[in-house]
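With the hints in hand, could you dock these two chains into one complex?
Taken in order, these protein sequences are the chains called A and B. For the first sequence, our numbering puts the final residue at 143, and the numbers step up evenly by one. For the second sequence, our numbering puts the final residue at 92, and the numbers step up evenly by one.
There's no promise every hint is true.
[To be verified] Within a straight-line C-alpha distance of at most 27 Å, the following computed DSS-like cross-link-like pairs (lysine-lysine) qualify:
1) B:K12 - A:K61
2) B:K43 - A:K61
3) A:K116 - B:K19
4) A:K61 - B:K28
5) B:K43 - B:K19
6) B:K17 - A:K54
7) A:K61 - B:K42
8) B:K43 - A:K50
9) B:K28 - B:K42
[What the hints assert, rightly or not] Here are a few chain B residues that face chain A, going by a calculated C-beta distance under 7 Å:
10) T8
11) S82
12) A88
Bear in mind the hints are in silico, worked out from the structure with no lab data behind them. Quick caveat, the model's predicted, so the values are computed rather than measured. Backbone N, C-alpha and C define an ideal beta-carbon position, used for all residues, glycine too.
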Amino acid sequence: MSLHITHDARERIIHDAIQTFPDECCGFLYGTETGDDRLILEVQAVGNSKDGDKRRRFEIKALDYLRAERYAEANNLLLLGVYHSHPDHPSVPSEHDRVAAQPYFSYVIVSILAGKYNTIQSWRLNDASQFEEETISRSQFSN
Amino acid sequence: MATVIIPTPLRKFTGQKTKLEVEGSSVKEAIEDLALNFPDLKKHLIDDNGRLRTFVNIFVGDDDIRDLQNESTTLQDGSVISIIPAIAGGSH
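With the rest of the complex left out, here is chain B (with noise of 0.2 Å):
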């Protein structure tokens, strides 16, 4: 079982649970049952193909999966994923 913690903007979709847990032994797998649980939350995680959302940065712990194994990335019991959206703008 992994903690998953929901980032504000995206608390909406959640009931505002801000942390949530999870089954699954890898990323992919946590973030599917997730998907799961909150049909509405999906669609900002997910992308049509079933890959995660450009947008969307995961960490475990204080890493970011890129920096691991991606989605493959193995969780232990008591792992805590941080779903991170990019922030990013610009004037024009």
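So here's chain A without its partners, still in its complex pose (with noise of 0.2 Å):
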């Protein structure tokens, strides 16, 4: 179980935690599957539209969602997860992280400390609704 991700996906991703701390930052993931090993190939930031406290909670809204599955149809994509940022935190899920999981997404989070990268990592929710780390490869692909 491993998750490749283009370098200027991975780019777009920290870039976007980065400039949204102190607040969390949240978007999606596309790309391709074989088998348990998935591409990243393209990122999508979107708003965090959390009511409340921003700097540790996320939420998409769903008409978000709704036009990333428009999008990863017509692009022929999978839409393989969402990204999150834990500021002055590890990049590990929490236990409000795997109570809201779905099965089946990668889950990348990135670890910013007083404004700075961190670490990034990525989880996948197994049979038993448990996060496993799933490793985080750069993709043979040049972009």
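Below you can see the structure in the form of structure tokens.
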């Protein structure tokens, strides 16, 4: 179970996380899948629609989700998951992340400490609804 | 007959089908028809009391059924229903 991310997609996620600090950022991951291995080719930032403390919570509007599914279909890509940031916290899913998580999706989390990039990790729910880490590797594609 | 768009995370419960035709004159009937044909999908849509789960949003076209008549929203022939999982989380 591994997640390949193009250099460009990875940089966009990290850039969004830094720009949105001290709030949590969020967005969608699009790509292709071969067996358990996924390739993220494109990412799309969306607004954090959480009412309340955006420093420790994120939420994506239903209409933004609907548009993301339509975008994936129109561009012959799969909607493979979402990313979000943990400002001043590790890139490890919280219990809140786990309870709200969807099956199948990859959850990429970026840790930002004091406004600077720290770590990036990806997680997927197993059949027991527990997160398992999936290895992130740089794609062989150069973009 | 209406069409239901299955979101990516739930396609493993529909044999990877992305669109399904369902019977029903309301959203409630359409979801029940779907749950009947795909029992593994049911627990992700309907709670133990037979109501739509809080973490699931249903749209007909571009409209949230909460802005229409909720589960009683009527369907026309050719209506497109989208199941939208709530996406949320947070650091602690």
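**Prompt:** Does the CB of B:S82 sit less than 7 Å away from some CB of chain A?
**Reply:** holds (6 Å)
**Prompt:** For the pair supplied as a hint, A:K116 and B:K19, is the alpha-carbon distance within the 27 Å limit?
**Reply:** violated (43 Å)
**Message:** Given the hinted pair B:K12 and A:K61, is their Cα-Cα distance within 27 Å?
**Reply:** holds (23 Å)
**Request:** Please work out if A:K61 and B:K28 have their alpha carbons no farther apart than 27 Å.
**Result:** holds (23 Å)
**Message:** Just to be careful, I want the Cα atoms of B:K17 and A:K54 compared with a cutoff of 27 Å; is the pair within it?
**Reply:** violated (35 Å)
**Hint validity - B:A88 Cβ closer than 7 Å to any chain A Cβ** = Where the cut-off is 7 Å and the nearest Cβ of chain A is about 4 Å from B:A88, the hint holds.
**Request:** Would you settle whether the hint for B:T8 is holds or violated, based on the nearest Cβ-Cβ distance to chain A being less than 7 Å?
**Result:** Hint on B:T8: holds, closest Cβ of chain A at ~5 Å, below 7 Å.
**Prompt:** Going straight from one Cα to the other, do A:K61 and B:K42 come out at no more than 27 Å?
**Reply:** holds (23 Å)
**Item:** Pairwise hint evaluation, B:K19 against B:K43, where the allowed Cα distance is 27 Å at most
**Value:** The given pair, whose Cα atoms are some 19 Å apart, holds under the 27 Å limit.
**Asked** For the pair supplied as a hint, B:K43 and A:K61, is the alpha-carbon distance within the 27 Å limit?
**Response** holds (23 Å)
**Asked** Regarding the pair B:K28 and B:K42, is the alpha-carbon distance no greater than 27 Å?
**Response** This hinted pair holds, its Cα atoms lying about 13 Å apart.
**Request:** Take a quick look at whether B:K43 and A:K50 sit within 27 Å of each other, Cα to Cα.
**Result:** At roughly 26 Å apart (the allowed maximum being 27 Å), A:K50 and B:K43 satisfy the hint.
Of the numbered hints listed earlier, those contradicted by the structure are 3, 6.
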